[in-house]
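Engineer: If you read the sequences in order, they're chains A and B.
My numbering applies: residue 1 is where the first sequence begins, and numbers increase by one.
My numbering applies: residue 1 is where the second sequence begins, and numbers increase by one.
Worth flagging that the hints you see were computed from the coordinates, not collected in a lab.
It is possible that some hints are incorrect.
Listed next, the stretches of chain B that the computed footprint assigns to chain A, with coverage defined by at least 3 CB atoms under 8 Å from CB atoms of chain A [said to hold, decoys possible]: (1) 39-51; (2) 302-309.
With a Cα cut of at most 35 Å, we get these calculated DSBU-like pairs of lysine-lysine [to be verified]: (3) A/K48 / A/K138; (4) B/K298 / A/K224; (5) A/K138 / A/K239; (6) A/K89 / B/K304; (7) B/K304 / A/K48; (8) B/K304 / A/K117; (9) B/K195 / A/K166; (10) A/K44 / A/K226; (11) B/K298 / B/K284; (12) B/K195 / A/K138; (13) B/K284 / B/K69; (14) B/K195 / A/K226; (15) B/K335 / A/K226; (16) B/K199 / A/K224; (17) A/K89 / B/K298; (18) A/K138 / B/K199; (19) B/K43 / A/K31; (20) B/K195 / A/K224.
Here are some chain A residues pointing at chain B (derived, C-beta under 10 Å) [as the list claims (entries may be wrong)]: (21) T30; (22) S36; (23) Q104; (24) S106; (25) F153; (26) S156; (27) D189; (28) Q190; (29) P255.
Glycine residues also receive a C-beta, built at the ideal position from the N, C-alpha and C atoms.
Each chain is listed here by its residues.
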Amino acid sequence: MRIVLLSFAVIYLFNSCKNTIENISSVSDTKEFQLSSPLITTEKTLFKDSTLLVIESPYPGAVLWFEAIDNHTQYPIPNIQYESPISLKENTILRAYATHPEYQTSDTVSLEVFKIKHSLQKSQISISPRANPAYLGKGNSTLINDTKGSVSFRNSDEWLGFDQPKITIDLVLDPPLLIDKIMISSLIDQDAWIFPLAEIEVKKANKVLGSYVNFDAENATNAKLKTFMVKIPNNHYNKLTIELTSVINIPDWHPGNGTQAWLFIDQILVE
Amino acid sequence: MKRNEFLATAGLGTLGLGLSGWGTLPAFALKDAVIGHGSHQYKVDLNWGALNPNFYPVNDCHEMVQDKKGLLYLLTNHTANNVLVYNTSGSLVNSWGNEYPGAHGLSIHDENGTEYLYISDNNRHEVIKTTLDGRVVQVFPFPIESEKYQDPSQYIPTETCVAPNGDVYVTDGYGAQYIIHYNSKGTLLNVFGGKGTQKHQFLNAHGICIDQRSGTPSLLITERQGNELKRFDLNGNYMSSTHLPGAYICRPVIHEKEVYLATIWSGNGGENSGFISILDHNNKLVSAPGGITPVYNKGGELQKMRQGLKVFKHPHDVCIDKDHNIYVTQWNAGKTYPIKLIRI
Numbered sequence: 001m002r003i004v005l006l007s008f009a010v011i012y013l014f015n016s017c018k019n020t021i022e023n024i025s026s027v028s029d030t031k032e033f034q035l036s037s038p039l040i041t042t043e044k045t046l047f048k049d050s051t052l053l054v055i056e057s058p059y060p061g062a063v064l065w066f067e068a069i070d071n072h073t074q075y076p077i078p079n080i081q082y083e084s085p086i087s088l089k090e091n092t093i094l095r096a097y098a099t100h101p102e103y104q105t106s107d108t109v110s111l112e113v114f115k116i117k118h119s120l121q122k123s124q125i126s127i128s129p130r131a132n133p134a135y136l137g138k139g140n141s142t143l144i145n146d147t148k149g150s151v152s153f154r155n156s157d158e159w160l161g162f163d164q165p166k167i168t169i170d171l172v173l174d175p176p177l178l179i180d181k182i183m184i185s186s187l188i189d190q191d192a193w194i195f196p197l198a199e200i201e202v203k204k205a206n207k208v209l210g211s212y213v214n215f216d217a218e219n220a221t222n223a224k225l226k227t228f229m230v231k232i233p234n235n236h237y238n239k240l241t242i243e244l245t246s247v248i249n250i251p252d253w254h255p256g257n258g259t260q261a262w263l264f265i266d267q268i269l270v271e
Numbered sequence: 001m002k003r004n005e006f007l008a009t010a011g012l013g014t015l016g017l018g019l020s021g022w023g024t025l026p027a028f029a030l031k032d033a034v035i036g037h038g039s040h041q042y043k044v045d046l047n048w049g050a051l052n053p054n055f056y057p058v059n060d061c062h063e064m065v066q067d068k069k070g071l072l073y074l075l076t077n078h079t080a081n082n083v084l085v086y087n088t089s090g091s092l093v094n095s096w097g098n099e100y101p102g103a104h105g106l107s108i109h110d111e112n113g114t115e116y117l118y119i120s121d122n123n124r125h126e127v128i129k130t131t132l133d134g135r136v137v138q139v140f141p142f143p144i145e146s147e148k149y150q151d152p153s154q155y156i157p158t159e160t161c162v163a164p165n166g167d168v169y170v171t172d173g174y175g176a177q178y179i180i181h182y183n184s185k186g187t188l189l190n191v192f193g194g195k196g197t198q199k200h201q202f203l204n205a206h207g208i209c210i211d212q213r214s215g216t217p218s219l220l221i222t223e224r225q226g227n228e229l230k231r232f233d234l235n236g237n238y239m240s241s242t243h244l245p246g247a248y249i250c251r252p253v254i255h256e257k258e259v260y261l262a263t264i265w266s267g268n269g270g271e272n273s274g275f276i277s278i279l280d281h282n283n284k285l286v287s288a289p290g291g292i293t294p295v296y297n298k299g300g301e302l303q304k305m306r307q308g309l310k311v312f313k314h315p316h317d318v319c320i321d322k323d324h325n326i327y328v329t330q331w332n333a334g335k336t337y338p339i340k341l342i343r344i
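Kindly produce the complete structure, drawing on both the sequences and the hints.
Structural biologist: Structure, rendered in structure tokens:
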């Protein structure tokens with residue numbers, strides 16, 4: 001018995017020291033691969049009356065499932081099989097994924113749509129510091145043009161990209177608006193070193209009206225669009241300052257650990 | 001015994017066992033994955049060319065070419081071994097190169113019976129011509145004589161190709177987006193392209209090749225960020241474009257009648273969304289291994305492409321052998337070795 005064990009040990013040591021591994025070429029089976037996420041499309045992410053969402057399949061024979069979450073729990077069942085375009089009339093997060101009998105289930109993809117309560121297109125906006133020259137969007141007005149970007153940030157002029165720890169946005173609302181919520185729409189794509197917002201502070205004349213701290217900012221997550229909300233006292237406002245803090249040190253689990261993360265934002269919404 | 005042989009021997013491969021709910025299969029009722037469309041479909045070998053990373057490490061596996069003997073040359077930006085030489089079975093036969101930290105583009109050219117490699121190094125800001133065993137025979141340095149650059153850092157070459165007359169074309173795909181045209185001795189002959197959105201300009205002129213399928217040589221150049229494959233004559237005059245919406249194509253590789261293109265991102269450009277694009281002689285996308293089924297509308301426009309199955313992360317190049325198998329090298333893919341697609 002000792003001889004047998006010794007032989008196994010010698011073979012193991014020999015194999016572990018070989019400078020190449022045994023080439024075990026073999027074809028992969030379907031279950032080794034995951035379906036890509038379905039595609040959710042809409043003509044209007046920001047809408048006045050209603051918007052129509054379409055979910056497209058990643059693979060022939062895949063079944064599409066979705067849930068739509070809004071303030072009124074429009075669809076009470078968590079997962080509904082998608083069959084035709086979905087009409088939405090309120091702020092909604094639509095989540096969808098795909099299944100197939102032969103492949104692994106896809107990741108869930110989501111899209112958030114917003115009903116425009118107050119357009120900020122006529123407001124004045126200033127931002128400090130400037131966005132990185134590579135991601136200047138359409139200038140400062142990018143954030144108040146009632147148009148959202150997509151996850152395709154590389155070819156888009158709908159995003160402002162910052163590689164700075166703090167960004168200060170000054171808004172002058174004309175006429176003053178009755179507001180109790182400020183929402184910042186952003187992109188998360190950690191493979192591209194774009195992390196979520198870490199903190200938001202909304203001020204009026206240096207007085208903090210409301211804030212939001214994102215305790216998940218440094219956790220790994222899928223690429224997606226995400227909107228962060230800050231509640232403020234319900235009042236008429238004509239001047240507001242929004243201070244954004246990004247992830248200053250990318251965490252250890254990421255290849256860019258220790259460096260400044262990117263922050264991408266595309267729209268400010270108020271309600 | 002391979003898994004396929006086991007299934008055949010055991011007679012289980014064709015059993016019509018019912019599914020236990022969507023999304024699950026009995027563990028033994030496995031089926032080979034087949035990707036691609038129409039006449040260009042493939043099985044996937046994820047283990048081809050895998051080596052012990054303690055001895056033969058890779059970072060990004062950027063490009064691969066095949067010589068006349070059938071040996072495959074993989075270029076990586078790991079300076080322990082910038083070039084790994086394989087046979088088609090995936091066994092390592094040679095390795096060399098420690099001086100190419102920005103090893104990015106790899107082309108091969110036969111000069112009167114002797115083959116040479118052209119390495120585009122985007123860290124050294126130059127192109128290096130070597131023998132197949134790594135001896136440097138010529139360097140194409142930062143082209144200051146072009147008067148387009150003030151500093152070597154502005155010139156970041158990504159790819160080369162060599163015309164039938166020996167002229168060398170270099171794409172400055174990560175730099176100022178010019179195409180630099182030399183004669184075989186390295187004398188600058190022409191500069192064209194440049195960064196911009198006009199037809200003759202580029203947003204990421206990433207890859208280039210000579211197309212001799214029509215009998216008259218021309219240049220095919222990928223504009224990766226624009227999802228375009230552009231054709232120029234050998235004097236740098238713009239001729240035509242093929243738009244491939246949603247396909248971030250790296251470099252064109254012509255094999256027989258088709259053009260094969262590693263597609264590093266797809267759809268909206270999200271990470272890990274790559275697939276392979278295969279165009280027929282009319283520049284129509286006929287197969288997209290790892291991608292959704294290509295669809296053309298009634299007006300003949302390709303509908304926006306995206307990934308369908310997560311087979312690839314970031315394909316950066318393809319090499320096609322005489323049996324029409326495809327070897328896929330990937331950027332930013334967890335330091336993995338090439339994937340082989342076996343034509344069926």
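Engineer: If you check each hint against the structure, which ones fail?
Structural biologist: none
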